[in-house]
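Taken in order, these protein sequences are the chains called A and B.
My numbering puts the first residue of the first sequence at 5, with every later residue one more than the last.
My numbering puts the first residue of the second sequence at 2, with every later residue one more than the last.
Just so you know, the hints here were simulated from the structure itself, not pulled from any lab data.
Computed from a predicted structure; not experimentally measured.
Careful: at least some of the hints might be erroneous.
[Stated by the list, open to error] Selected chain B positions facing chain A (in silico; Cβ < 8 Å): (1) Arg24; (2) Ser53; (3) Asn66; (4) Val74.
[As the list claims (entries may be wrong)] Keeping only pairs whose Cα atoms sit at most 35 Å apart, straight-line, the calculated DSBU-like set for lysine-lysine is: (5) A:Lys203 to B:Lys249; (6) B:Lys278 to A:Lys203; (7) B:Lys188 to A:Lys203; (8) A:Lys192 to B:Lys113; (9) A:Lys398 to A:Lys285; (10) A:Lys192 to B:Lys249; (11) A:Lys194 to B:Lys188; (12) B:Lys278 to B:Lys249.
[Claimed, not checked] Derived Cβ-Cβ restraints for the label pairs, each shown as a range: (13) A:Glu234 to B:Val181: 44 to 54 Å; (14) B:Gly82 to A:Gln232: 31 to 41 Å; (15) A:Pro37 to B:Lys79: 41 to 51 Å; (16) A:Asp137 to B:Ile193: 17 to 27 Å; (17) A:Lys371 to B:Gly111: 50 to 60 Å; (18) A:Asp58 to B:Arg246: 42 to 52 Å.
Don't be surprised by glycine CBs; every beta carbon is placed ideally from N, CA and C.
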Amino acid sequence: MSNNTANMKVVEGSYAIAHAVMCCRPDVISAYPITPQTHIVENLSQMVANGELDSEFLTVDSEFSALSVLVGVCAAGGRGYSSTTSQGLALMYEVLYNVSGLRMPLVMNVANRAMGAPLNIWNDQQDSIGARDVGWIQIYAENVQEAVDATLQAYKIAEDRDIRTPVMVCMDGFVLTHVYEPVELLDKEKAREFLPDFKPEHILDPARPMTFGAFADPSTYTEFRYQQFEAQLKALPKIEEVARQFEESFGRYYGGLIDGYFLDDAEIVIVTLGSVVGTVKDAIDAMRSEGKKVGLLKIRSYRPFPVQALRKALKDAAVIAVMEKDVAIGGEAGLVTDLKAAFYSSSIRTPIIGFAAGLGGRDITIKDIRKIVEKAEAARKGDLSEFEFLALRKEIL
Amino acid sequence: MDNSLLAPGHRACAGCAMPTTIRLVLDAAGPNTIVVSPTGCLEVTTTPFPESAWCVPWLHSLFENQSAVASGVEVMLKRRGKDTNVVIIGGDGSTFDIGMGSNSGMFERGHKILYVCYDNEAYMNTGVQRSGSTPFCVHTTTTPSGSQSQGNPRPKKDMPAIALAHKVPYVATASVAYPVDLRRKVKRALEINGPSYLQVNAPCITGWTFDAGTMIELARLAVESGLWPLLEYENGKLVGVKKIRRPKPVEEYLKLQGRYKHLFKKTECADMLSQIKDMAEDNMARYGLVD
């Protein structure tokens, strides 16, 4: 990753995202306020109010309506944008499936937040991981810069004729939405070159009447679903290609589908996603200085799940430890389950252990990460641990 | 209607008022129209992939987001400088109940959209369950008549009043039995620079159970009995009332329908019948239906 420091500005994460959205030139922004997404949409409203952004901004009655409005926008040929989190994403659930089924290339920033009950406004990734099967592409950002860049890339991926699939750009709520950090804001003209205007082939037009959203009976429904499945498979090379194109235009690249840190010779690999990656890198620096061969694999694309890339990158690891901010109650958790599934159908038999951490905004510390490595070392010696909640406060149970 | 914008070959029941209603609406709106429909009988009878009965652009998303979806279409058309009619056509379940939130949002934001509700007074597509539009004492599959029940215990929700409370500039009721009136109201609504709401009485043969040949007669009796007044509001003021020349007793309307059958079998229903009569008389007095 290289930054042109001359263009760096210290801004709030939400402002940086709003600025990136401005550079994507959506025709319509439709949003409903929910913490910690609010600063993104407030900034966008102000940009529209100031005439900096030529978009229609619709203030709607719910997240359900926010995304539904964009179904109409897209069908009428427009580029649509929304942002939400947590309960808002859950309220959109029905529309999420509909948007992907209608093959509408919408983009949404999800400011990741915990799900209630109990009510909790702080960060984890239960909201979007819980929506992993709705047919949207999901890209996770490590820091504000990545979230900014992924937002522009997301439209290019979504609107590609072979893909035509909506994208969620997931960024940790508060940790990334409310942090002030140095960011290189996108250049509007370069963004326009990178992302041309949206020109869909099929739109609602009285001169060429078409029916959108017909129902499919058992004789055709499977094929509709298969085409969505296939489009996400095609998105695997496309995400990488777009990340490289972005590098050519903007000089920044941090992996397409995945990224690594001290991965090549790592014996213990921590697999995770989102802003905690920075903490894990610090922990690895400390442990490497002690001679421990620990590495990191960062998931950038969770959907499509980069099965081949993961097998290739992790084939030499002795133990894989997955740490994630979500729980599949009654099972384990999203990422660890997916990773195990990806490896079981290969010849790789590396032990995989899983941890839920950082739920509802609890800090994940370097000490926690050392604990994971201890467990991984035990697993290497044959003492495999079951999925567990990291740093569980047993004294208050 | 050889040039109808709703093609023949759709799969609605014989005797259903819905396709006739839609044809009248489209006939008045013309080809420069985009229709948004929620899930319901209209959607499933006209768009089995890969077929479609729609000769105008048509969009269906979900059961309860028609108003939000149409808002998006309208905003985009306006942005592109297109002067195309945006018409929502949905049943009473999506209009009165599950879509209320986004309907309210669309009305309140003031989009230039005509909302047509073909009102058959229950969830017919799923098998005749009660909706907020179901009238008092109607037998449905979720408000069945029985030894402890005389059918739906609540009166019909006053959806036009809800639209009026949003300051919707054009609100009207119509009936499939009065095609000239219906067409005129569609045309008037489309001239309004803002939202409009048109609620059309549309009998459902399977839900109401009547003889297929009597559909229009039944819809006319709803009006002539005073139970379905034909009204027209502009900017909150009542500007049009269809007068009833020869008022009919409510029993004449009710007796033709299986959904009211229990009222005439049980002596304890006399009180219910008199309450329905009161509703009709109240309408006649309130709106001056009879000269």
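Evaluated hints:
1. Arg24: Violated. Min distance 16 Å.
2. Ser53: 4 Å, holds
3. Asn66: OK, holds: asparagine 66 of chain B within 8 Å of chain A, min 4 Å.
4. Val74: OK, holds: valine 74 of chain B within 8 Å of chain A, min 4 Å.
5. A:Lys203 to B:Lys249: Since the Cα atoms of lysine 203 of chain A and lysine 249 of chain B sit roughly 58 Å apart, the hinted pair is violated (cutoff 35 Å).
6. B:Lys278 to A:Lys203: Given that 35 Å is the threshold and the Cα spacing comes to 58 Å, the pair is violated.
7. B:Lys188 to A:Lys203: 33 Å, holds
8. A:Lys192 to B:Lys113: The given pair, whose Cα atoms are some 33 Å apart, holds under the 35 Å limit.
9. A:Lys398 to A:Lys285: 28 Å, holds
10. A:Lys192 to B:Lys249: Between lysine 192 of chain A and lysine 249 of chain B the Cα gap is close to 70 Å, so the pair fails against 35 Å, i.e. violated.
11. A:Lys194 to B:Lys188: At roughly 48 Å apart (the allowed maximum being 35 Å), lysine 188 of chain B and lysine 194 of chain A break the hint.
12. B:Lys278 to B:Lys249: Holds, at about 11 Å.
13. A:Glu234 to B:Val181: 44 to 54 Å: Given range 44 to 54 Å: holds, Cβ gap about 52 Å.
14. B:Gly82 to A:Gln232: 31 to 41 Å: 34 Å, holds
15. A:Pro37 to B:Lys79: 41 to 51 Å: 24 Å, violated
16. A:Asp137 to B:Ile193: 17 to 27 Å: This hint is violated: roughly 43 Å between Cβ atoms.
17. A:Lys371 to B:Gly111: 50 to 60 Å: Holds: the Cβ-Cβ distance is about 56 Å, inside 50 to 60 Å.
18. A:Asp58 to B:Arg246: 42 to 52 Å: 56 Å, violated
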